[in-house]
Every structure is written in structure tokens, then in C-alpha cells.
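Chains as they are written, first to last, in our numbering: chain A, 1089 to 1320; chain B, 10 to 155; chain C, 66 to 888; chain D, 591 to 955.
Worth flagging that the hints you see were computed from the coordinates, not collected in a lab.
Some clues are possibly wrong.
[Claimed, not checked] Label-pair distances were calculated between CB atoms; the ranges are: (1) Gly1130/A x Lys519/C: 50 to 58 Å; (2) Glu114/B x Ser1274/A: 33 to 41 Å; (3) Glu378/C x Ala1192/A: 29 to 37 Å; (4) Arg1314/A x Gln412/C: 47 to 55 Å; (5) Glu378/C x Ser138/B: 49 to 57 Å; (6) Gly135/B x Ser724/C: 30 to 38 Å; (7) Glu942/D x Cys185/C: 31 to 39 Å; (8) Gln412/C x Gln1257/A: 34 to 42 Å; (9) Leu932/D x Thr849/C: 31 to 39 Å.
[Stated by the list, open to error] Derived DSSO-like pairs: lysine-lysine, alpha-carbon spacing no greater than 30 Å straight-line: (10) Lys31/B x Lys1298/A; (11) Lys810/C x Lys570/C; (12) Lys31/B x Lys1262/A; (13) Lys32/B x Lys1187/A; (14) Lys33/B x Lys1262/A; (15) Lys33/B x Lys1187/A.
If you're wondering where the values come from, they're calculated on a predicted model, not measured in any experiment.
For each residue, glycine too, the CB sits at the ideal point set by N, CA and C.
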Amino acid sequence: MNSTEVLSHTDLSGPGGGGNPAQICLGCGTCASACPMTGIEGFDPRRIVRLGQLGRFEELGESSLAWLCTMCGRCQEGCPMDVRITDMIREARDLGGEKTVPQAIGKGIEMFMETGNNLGLPDEDFGFIVEDVAEELTEEPGFEDFVLPVDKEDARLLFTLHNKLVNTQNEDLKHWWKILHAAGESWTLPGSRWEGVNWGFFSGQDQVLKAGVDTIVGNMERLRSRGLMYPE
Amino acid sequence: MFDLLVEYISTQRIRLDRDRIKKKAVYHDPCNYGRKSEALFGHGYFHEPRWILNQCLEHWTDMQPNRARQYCCGGGGGLMLTPYEEQRKYYSRRKIEQIKNSRAELVVVPCHSCHGHIRAMLDAQGPASIEVKYLWEVVAEALVMD
Amino acid sequence: MKEAARALVMGGGVSGLKAAMDLARAGCSVFLAEKQAVPAGLLLGLDRQFPSNHCGLCRVLPPDPSGRTWQACMRRGFGHPGIEFFPGFEVQDIQGSPGNMSATLIRQTLMVDSDKCNACMQCVEVCPVHMPDLFSTGQIPVKAISRAAPHRPPHHLAISLEACTLCGRCRDACREGAIDLDAAREEKVLDNLDFAVLASGVEYCLPEVYNLYQSAAHADVITTLDFEALLSSAGTDIMRPSDGRPVRRAAWVQCAGSRSLKLEADHCSGICCMISLKQASLAREKDIQCSIFYMDMRTSGRDWQKYLDRAREKGVELIRCRPHSIEQVPEEQILRIPHAPSPGNQQDRDFDLVVLSVGRDPAWKPPEYAGREGVFTSPGSRRVLDIARSIIAASATAATALGEDRQESLPDQEAKDQDQVHSRVLVVGAGPAGLSAALTLAAGNIPVVLVEQKDHLGGHGLSNISPEQRKEVQDLAARAMEHKLVQVYPSAAVISCTGPAGGFKSRIRDSSGDEKEILHGAAVLATGGRAAPVARQEDRTADIFEYSRRIFAAGNSGEAPESVIFILCHNTRQEPANYCSRVCCSLALKSCLQTLSLRPEAEVTVFYRDIMVQGDDEELYTRARSEGVRFIPYSPDAPPSLEAKDGKIRVKGSDPYLSEESEYEAEQLVLAPGVVPAAGSEMARIFNVHSSAEGFLCEADAKYRPVESGRAGIFICGLARNPVPFKEAVLEGRAAAMSALGLLKQGLDSRLQTFVRVKPALCSLCGLCLEACPFKARYAHEETGAMAVDPLACRGCGACVAVCPNKASAWSEQLEENVHELN
Amino acid sequence: MHNFSLIETRGDAGKAVSMLLARLLEQNMVQAVIVPAAVPPSVLPMTRLLNNPADLDQTSPLAPVAGVSAATQAAKISRGPQEIKIAAVLRPCEIRALVELHKLNQAQLDNLLVIGLECPGRLENQDYIDLQDQNQDLDQRFYRDEDLQSRIAITCRSCIDFLPENAHLNICVLGLDLDQQAGIAWDEGPGADAARALELKPGQEPGERGRAVDSLRSQRESAREEVMSRSRETISSSSGLQSMIAHCLGCFNCQRACPVCFCRECVCSREAFEQNLEMLHTRAGRTGGIRLPAGMTMFHLTRLAHMAHACVGCGQCSSVCPIHIPVADIFRTVAAATQKELDYKAGRSPEEPIPHLNFSTEGDQ
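With these hints in hand, go ahead and build the complete structure from the sequences.
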């Protein structure tokens, strides 16, 4: 594949804008020095960039290379040529196709598309869990009058949640509630579609990403919240 | 989230007691709030969490390197959800080293993902005795309720 | 023509000094402004320079027989007849047009009256302004008032007005009344200047400004300039700045502040690789473990690749990887560099000290007046150059300025031969270097005999391939043919050259086969170079020179192959041709870009060892990459293998980033075998000068006298001396001409005065002086056997004086006074 | 040397050698000879130039004394293009000095037939004169009388270079009964030509010689080590050196006696060393008076610097010092260290270049 094709194929104009396509890579090794993953199973950002230069995105997506990346952006931060390496990883993950998406993420996305949260938790169960934690909180000194605002309209802040707090680490829900209570904030928790985590970001699937954003915007419109509090 | 906490503290909507947490803490910059936010939106949340920590704690320190050059916890990018567990451990060795080098007993993170991964890696590679807390958890613990 | 042009030289570094001295020797009245209290610029802090690993700034000085300029070290001060030196002054602005220019000089450094000062240092004590120190990296506290340079005596203090707040405490503290702060506002205006030469150099990159490797946070992350100071002040160990512990492991990180689009620094500073190699080599002598992190090791000079090999032999470790960051390991006082020396392999390496190899400040711009008419900017004030190239560039700029100043006035008469000194110069070779030399001499009223082996002028045309460059050479040739002071002998050759400087006698054979004798005072050898031969597998193989000529020949309407593979450093940069030819990489990049511009879908692959482009040519490399040229590095141990099959060329090579062996097919194969000197060894024999094993003519001093051969009066330039691109060959030609011109003018003025005299009554004829003289200036008289000194060759180095057991060789009396005056 | 021949001495080895020299003149192998000879009323043999074979019976080629080093005169007469070839009988240290002078253009070895003398040591001049009063046949007796041999000059007692090098012909005395026989050794070249003229037949070298040489060497080596370690201690501090030369009278004898001091006029006796009253006055005030002549330390240091690579260890300087300063010991000690460092040995070979001459503009590449 020649260079022009690579260019047209890889439209890498990400949300940040700027940056350069892969072929300007100097091969200098800054990225490989930066990346803690370099060295395992032949992982090396230079390898990723080279495959990107050659337009071998599918091959990249199918290999473990693309999924070993944590997208931390350290490589890109250091790159003297401003090559958008993590954007390339997203691209590759998408082109690698659904079959390459790791099971947990794939499953989570599937659940999210179905139920509005990555756990596939029904709204009644969610309500039960948060109310239970809220009740516990009122037993602590200073929070006796705490009331959990669910689906409260016209609140200043809409709070979305990381699914792990709802799933296993319920205790950790309390920290923010305490602060908000102490500050006397006007806020609310959506009773449904409360997921604040967007795994489309990982998989490189833009349609999933968009669905996640739509959910939140929908909630904000429904409850006429002025601000948004987001776990990620 | 940082902005909200800064707002609460600076306008004294909440009051904090710096003497409650005695452990020496170390702060971890999540990629998303720091480096990537800086690259995408032109502002990395480096200063704010440090300011917040100063209001909550007497003793805390930075990892080396930190801010834009910090190391990822190793769970980012969805990697935590993949079966590449050994690889994640390899990756996280840097973070664990940083934590150990800081001689802290408590790691403060403002990210669910990092929290989970650092906890898991400390449990797997030690020292498991080091605590991991959310930034807002630290704020909540320091809250003075009248 | 005016008797003496009035010229202003801006900058008293090695470039400015050279330009000023050249102009003075050519008869100009020169004004030299230097903002520091002492000349030498950057060299003030560089005690040892590659490739000799010592300083030799004094060798820049011309042999002025009056003895008035004789001095041990220019870093202590400077005086020269014909040059008015303004230490402490910087040019603020230049107005007017050539011939009637005026320059405003403002004080930047205020000198303390050294006659009054008794070095009590009270002033330094009370000064409240602390300064960074070029010489000791903070080991010695430095204030706004301090010693002018470490090489100067302690009562030579100076005040940096950049830092000084004029608070007056030093003046009040001085009991001798040696400080006159009112002079701080002193301005000088120089009128009626004919032209000005800008040679103030460039600013170096400060890593703190660009937050490179968080250097501000680590006391032990320093720059190469800082390291130079550490090295100079080091005893058996080099101490680290943070805690004074001896350094056992040190790293150099190349390209700090350059070769980065993020920093808007798409340039290469050209000399940092060599500086780091030098520093690491010297540090090895102190038993320090040395590692250099690099991308391309740009050892792109005639002797530099060998210098690299020597550094490797000394145990300097080269790691091809640009580090991302330098990590401090708390409490252990260690700097850790994670790096990936080869794809898929990451390592940590711990160091006590990390040196950032810095070059030109990305934001640096020359002063606004640099572009004015009548202001000639030395290339050394546009980009970073090594010492030899700075000197060549400065001489060449002086020559250009002088030439243009005189353009209007036609030579009124041929200079007459006086006192057995022939003012004629023989120039051998009519390529870009030879033509430039001939025209520069002719512009200086010196008659030239130009001998060319070919039947036409213009040279081998190795690297002047673009249409503009070809035109430039044609113009030079036409001007040489027309100039009435240039006598051209095409299809001719020099057979022999005998006699001393000023009185050479050469035989040449002209186009008709007749031999004739030519008397001349000096000679410039510019016999050029040609492509090293390659073994052609078939006609789909071309050398880089052939290919670039072809692809540029038809301009924008030419044809390009659909796929082309370049293999750079083909059988070169390794024994027996162990040098970088400097022209091939940029030629290859230009050819890649031209290929793509003629045929955008062409597939272009380049196998390379190190891409050797310097200065802004880095942009060529960046452009070539961004336009899709694929660059694959290879090691000389495993060069790509070639095969021709079915009308296509097949190259087998491995892409290290993919760790896979691949076959690459192309319609065209281009090899870069480097250049070889065309007639070096033969010239060396005829003119009795030294040549290298590869046949390049050798200079008297590779750093400071780059265009002078070891034999007085014989000058060398261009590809005959070392591999240079077209533009530099032109500069070298001009510089060689300038040196010849200076020698003849000086020789004509004062032939019989010398630095050293021999006292016959004391001389035992032991002959130690003959062997001791590094300049071949000592000889035994043919008849009497008495020891004698050749005044044109003597540089006053004093080796003969030192070696003579009973001082029969002695300084001339005037000089002796100067020796005692030192310090 | 490869060839060895024994000659009969009949109780007077000196005479036997003289006869050989006379034969060289007769055969016109050389046109002149320089050899020590004591001409009455003097009893001290001095270097003498002879060209009549009949005069040779007055010479003392084996006399265990050297009035002054013969090298200086041998060098002088060998200079310049000339027709006359001269045979010179020289001690090993004198040959070494000659070789150094040759390198400095002060001698021309080609004009000489160098006849080297194996040297068990020389007596001091005054001792020789005194001893001759008591021993009529001192020159002959010396070689068999260990008591006499133990009285050799102090420098010779620790000399290990007692075998001649670079001579064309050697006169061998060690390990031989000189009352019966002396030895002559030679190599190819001028030496062999001379041996042919002298009708010498190569024969077996007595094994006893090797043993005698080895035993003398080991004895000398331990003496030398002792001298050097003493000297090293003296010169390890400037006060040590100062105290050693504290008694120097400033007679310059050491410099005059030195065979490798070749300058026409010593730098020490010239303007650079002159000091005017003003200068002395200032210094006297600073140091509590100043010894006159001033600059004797500088004189010795200058000599030391020059000798560091040139000293051939002949000991003449010590011999002529009126107050017995062991100058030669110091020179030899410093020279041994310097020459070892430079991988150089003064007088070892005419081809070996003098160090410190390789100035290069190339730096230390």
C-alpha cells in the first residue's frame, strides 16, 4: 500500500486536532522509552507506528499489540513529531473488528446498549442498592438528615456513577454524598441510565461512544440539570 | 469534579480538618485528568488536586515522575477488563516502584479505574499494606460537620 | 579603489576574530565589537575541542612579524594592528548605506580600571546580583561584577550590564576608585563605515526555558556547556553539581531542544554529536562510565567517523534511543533513564549525571539589521558551526564583503613583484572551490593563474544539482573567463612546484603539451572530488550523483521511476573509506522529494545508517518522511542484500521496527558510495604537502587553520581537502583565497622580520630545532649549514626556543618583551 | 659480539693492546689513534692523539683511570668531512656519551673506529697518582688485585653498564687472567675488517667470562639499588635537594667535566641567569639575606632537567666536585626514572631519537 492510501485511510483528526500522521515518525524511541508496556510480547510503540505507516491497521487490531495499550498517552506526550499514537490504537481496535474486543468489554458494551449500564443492572435493583447505602449513611453522626435525591428536577448537578460503585464497592458511594451533603449542594442521581463509564472509548467503536454521550445528555434534558458530574 | 471540590473548599461551603489523616500519602495523576486532558482540552488537572490535598492532609508527596510525565496505573484503556493479567502486572511495575520509592502508606487517586487497578496491583505485587483512597474519600474523611 | 576600507566586525568569537584579522591583513581599518570584556566568545568556556581534545585558538593568529600581535592566548585579551577592539560593546543598530554606514555601539560589559584595581574583591563581596556562571556551573559564586574570564588576572574585573542594577555598592566599596559606573551608559558611534560583518554567533538553547527533561528540577541534569565547565575545573574526578560527589556514570542525551516539531525546532545543530563524543571520551579518561543516547550519530566530517570509532574504543557506549524522561530515584540520588535500545526491549539505566546536548535556541533569530545592505552575515551567525567551519565561513564572509566593496573600482594596475615575493597566485582546479578562490583573489587585485585539467571550467558537479546551483557555477566560470586578472589554462596540469612561500616556481603543461614556468607567491589547491566507484549490477543501478542529476535534469517535466530504493553509506563510513561524505544524505533526500514531486504515487524506500543532515536541512528529512518515504535503518554488519530479477531490483533487508526480514522490489536502485578526492595524493606529491590515507589534502590545523596546508603558502579547499557540499566548497574557496591574500600582503610588507632569531655564536648546530618545529619553518642553510628561520612559515610557537638547550634560538627582542608582559 | 679471539699478553696486557693499535696504523686501517698515555713528567694518562706506530709503546690503553672523559675530544676530532680515520679507545660510558653527541651533530661516528674497553671501573685521578707511587705495574696489577679494584671511583662502584656497546672492536678483560691473555671481540663491519688486518682468528670464548660478568653485574646491581634509593630519598623533597647542594661552591666543575654538555656557551653563565642588584635586594629582604652567587639552585635544576634524558652515568661530575657532592648519583637516579618513562636510554643506540622532539600539531590523537 502506498503512502497516499495510508493517508486517506487513516483519518486521524481526533478531538484534540493537530498532530501528525504516522509516517512522519522519526523512529527515535521516545515513545518506546515512555511506555511501560514496551518489552512484553514484543510490544513497542514504534512497531505500532510502523504498522500504522504501512496501513496495516487490521493486522495491528488483531494482534495483542492494540489491546495491551492502556491509552495513557505518555508516548504521545513525548513524541517530538507529534504522532497521534493513541488515536491510532483506537483506530486499530475498531478496524480489528468486534471479534477482537476482549470479552469483558464486549459484554459490558452489549449490556450498556441494552440496559443503559455496563452491568445490565435493572433500575429497580439500582434503586434498592443506593437507597440501602443512603440509609446506612444516615446512621453516621452529622448525616442524620441525609436524603438521597433521585431524579430530582432542576438540580444544579446531575451525578452519574461508575458502575463498580453500584456493583461491589457500595461503601464508596458515600464519600461524595457526604461532601455534597456538607456543602448543601443541590444535586440528583438519575434513577435510570446512571452509567457514567463509556467503554466505547476503549473499543474504538464510535457508535458506542456516541450512545454513551446521548444517554447522559438525555438525562440532563429530562431532569433539567445545569451541571454534570462524571466519574471519568 | 476537581473544580467542584475547589469551589466547596475555597468558598468554605465545607470545612476540613487537616489533622485527621496521619498517614503519609502520595498522589497519583490519572492519565485522563492530567496528561490527556492537557493535550485535548489545553488544561491538565495537575494543580487542583494538589491544592485540595493540601487542605486535607499534613503529609503528602509526589511520585517521581509526576504530572504530564507520570506513569499510568496500568489499568487504563480498558486493559483492566482484558485477560492480559500478567502483562498488566509487568506494566504496573513502574507504578508500584514509584509508590514504594515514595515511602507512602496511602495512595490518593481521583479516578475509579486507577483506584481499582492500583489496589489490585498492590495486592498482587505488594506491599498490600498500603492503602488506596479516592481523593474525595480523603475530603470526606476530613469533613468537619457542625 | 579606496586605500583602506572601514569595516565593522560584530562579535569577538572565533568567527569575528578571524573575519577581523583577515580584513586587517587585507588592508582594511577594522573595528571589532564584542559584548564581553574579553574575546573568544564561546571558546572562553571550551578548554578542549574535538578532535584534538585541546585548545588551539592561538593558531588562528596570522604570523605577524612585527611581533605586535604575538600573544599566548586570545582568551586573555586581544590586540592587532589595524583592528580597533571595543570590548564590552554590542552593536545596537546600523544605519545608512554602504560606504556611509554608521553603527551605534552600546556598552554591555563595563570594565573595572585594571590599573587601579588591587584585586581586593570587596566589590564582588558587596554585589547583590548573583549570576549563572559559564565557567564553573555554580561551584564558584558569580556576581554581576566578577572576573572577566578565568584566564585573566584577578584584577581584571568586569561588570555585566545585563545583570547590573547600577546600585553603586561596588563603587562605594572600592577604595581605589577603579569603578566608574557613569561609563555604563557610554555609547559609541562609528561613522563612514564601508561595510559590516555580522559574526556574533547564535544563542544556545536553555533547557529550562523549554522544560526539557525537567532539567530545572534536577540539579544533576546539565547541558553540554555546563559539562564543559565541570570538565575544565575537574581534577581527577568530575564532581556533580548537586552534592559534590564524584561522577561514576554519566549520560549524554542528544538533540535536546532540536529535531522536534513540538518545540518548533526542525533543525539539527550539527556539532552536538561531536561535542558529546568528545566530552564522553574525556570523561572516560577519568574512569567514568559514559553512555550517549542518540538518534543519528552525525559524525559528518572527514575525520569525525574515526573520532567516533576512537570514542567507542575508549569505552563510550552509544545507545540509539531518544529517552522520554529522566527520572529521579528519591533518596538514592540516582537519575534513571528508561529507554528502549531496540524495538521490544526496554531497560533502565542509572546515572549520577545527565548531560543534555544542546544546540541553537529554537526561538533564536539574527538581529534585525542582519539583512541590511552592506551587512554581511557569516553563516556561523545563522546556525551552529564547528570551529573549522566557523573560521572558513568567517573568512569567506570577509572575502565577500571585501569583494563587493571593491566591485565598482576596477584594478588599476597589476601589483608588482617586490623583494622576491611574487604577488601572483596559482589556483589548481576550476570547480566551485577553485573558481571562488580565483575570483576572490582577483577582486583583491591579485593576479591568478587558474589551471584546470578538463577542457572546461565548472568542476565535477557532484552536489550542485539543482538548476539554480548549476547556474551559479556557470556564472562563476563565465566571470573567471572574463576577468582580466585571471589567466585560465584549460586542459593543463601542474608538474612540479619548488621554492619557498612568496617565491614558488611551478611548471605547468598547457593544452598544447608545452611546458612553462610560473612564478607565484602562493597556491590554492582545489582539485575537487568524484564519486567513489560502485559495482553496478545492471543498468537499473545508479549512484546517487547520477540519479540526482538525472531526476533534476528535466526540471518539473522529468520522469521518475515508480519505485526506487536508496541504499546510503554503501561501502563507505567503514574501512578503508572510513569517513562520511556529507553530501549524499541531503542529495538523497532532495532526490526522494523530487521523485515524489514528479510522481506522487512512487514508492520510495531509503536504507540508511545515520541520516547526516545538518542545520535546516533537517527539514528535508522531515518533509521526506511526511511525504511517505520509508526509512529503514541498517547496521554495517548486516547491510541489505541486492539482487536483480525480472527487470526489477530486489533488496532484502530487515525492518528493525517490525523485526521481520522483508524483500523490497523496485524499478530503480540508487547507491550512495560517497566521494573520493580526485587528485589528492598526486597534489600532495607535487606540492609537498600532507595527505590523508584516503587522499584528502591535510590542513596545518584541522580546527584553526583549516584551509592552510602544512607548507607555508600552499592553501587547500573544497573536496580536495574534505567532503563538502557545493555551498561549503564555495566558502572554502573564498576562505583559502583570503588566507593567500593575507599572506601575500603581509609578506610584501615585511618579509624579513621574524618571531625567532638564531644567535650563531651560541648555536652548536645540534639541529634539535629542525626536528622540533611543527611548521617546517626551521632549516639548515644549504651552504653554511647554519640554522635558519623561514619568516613566512614561522608561527612563533616557540617550540625551537624551548628545545634549544642553550637558548641559541631565541624570541625576537620585541617578542621577548611581550612574553614577559603576559599576565 | 659474535667473534672472539684471545691474544697473548706475556705479563703486560696494556702493551699487547698497544701493539694491536700500532698494527692498525701500520696496516693503514686508521691514520691516527686516540688513546690514554702518560707522558713524563706526568704520571696520569691523558687522551693523546698519535699517528706513528713507533710511538704506541708509550701508551696506557688499559690504565684504570680517565683524567677527563675522552668522549668530548673523540667527538670534536670526528666532526666534519675528513680523510683521516681515527681509532679511539674508549670506556663504555665514553662511548655512550659519544653516541649522544653524535645524535646532536657534535660527533660523526662514521669517522671513527671505536675500540671499547671492558671497564671494571676507574680510579679517581688522585688515587691513581698516589697508588702509582706504591705500585710500579699498577695498570697490570689492577686487574688481578681485588683490593685495588675496591678503590674505584664511587660512581663506578654502582655502574652496571660496564660492557661497551656500539663499539666496533671490544677489548675484553673480565674473567681472564690478563697476565696470560686478553680478549678481542668484534662483529661484522669495520670491526671485522680491523680484526682481519690484525690477523685475529675467531676462537672459543672462555666460559669463565660469562660467570665473571654475571657476578660483577649482580654485585653492582645491588650497590646501584642502594645508591638510588638513598638518592631518591634525598630528592623526594625540595629541602633534601637543597641540603645536598647547600655546600656547592659554584665552581661549575661538574658542568665542565660533563661529556654530554655540548653547548658552546652554557645558558647558566648567560644573561638569563644574571641578576641585578635591585632584584637581589628585594629577594634578600624577603628571605633573610641571599647567598651569592645567587641562582645555584636554578643552575643545578637546569642541569638536572638537561641530564634527565642525556646522563650516561660516567660519574665525572662527582669526581671533579671539590666538596664531594654526589651529583652523579642524583643525575643517574633522575635519568633512570625519566628514561624508563620515555622508553629511552642515553647512548643506547645512535638511531634512537632524542625524546621531547616530536612536536605535533595533531594533538594527542
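The hints, checked one at a time:
{"no.": "1", "hint": "Gly1130/A x Lys519/C: 50 to 58 Å", "verdict": "holds (56 Å)"}
{"no.": "2", "hint": "Glu114/B x Ser1274/A: 33 to 41 Å", "verdict": "holds (37 Å)"}
{"no.": "3", "hint": "Glu378/C x Ala1192/A: 29 to 37 Å", "verdict": "violated (55 Å)"}
{"no.": "4", "hint": "Arg1314/A x Gln412/C: 47 to 55 Å", "verdict": "holds (52 Å)"}
{"no.": "5", "hint": "Glu378/C x Ser138/B: 49 to 57 Å", "verdict": "holds (51 Å)"}
{"no.": "6", "hint": "Gly135/B x Ser724/C: 30 to 38 Å", "verdict": "holds (34 Å)"}
{"no.": "7", "hint": "Glu942/D x Cys185/C: 31 to 39 Å", "verdict": "violated (55 Å)"}
{"no.": "8", "hint": "Gln412/C x Gln1257/A: 34 to 42 Å", "verdict": "holds (38 Å)"}
{"no.": "9", "hint": "Leu932/D x Thr849/C: 31 to 39 Å", "verdict": "holds (33 Å)"}
{"no.": "10", "hint": "Lys31/B x Lys1298/A", "verdict": "violated (44 Å)"}
{"no.": "11", "hint": "Lys810/C x Lys570/C", "verdict": "holds (19 Å)"}
{"no.": "12", "hint": "Lys31/B x Lys1262/A", "verdict": "holds (21 Å)"}
{"no.": "13", "hint": "Lys32/B x Lys1187/A", "verdict": "violated (46 Å)"}
{"no.": "14", "hint": "Lys33/B x Lys1262/A", "verdict": "holds (23 Å)"}
{"no.": "15", "hint": "Lys33/B x Lys1187/A", "verdict": "violated (45 Å)"}
Consistency with the previously given hints fails for numbers 3, 7, 10, 13 and 15, ordered from lowest to highest.
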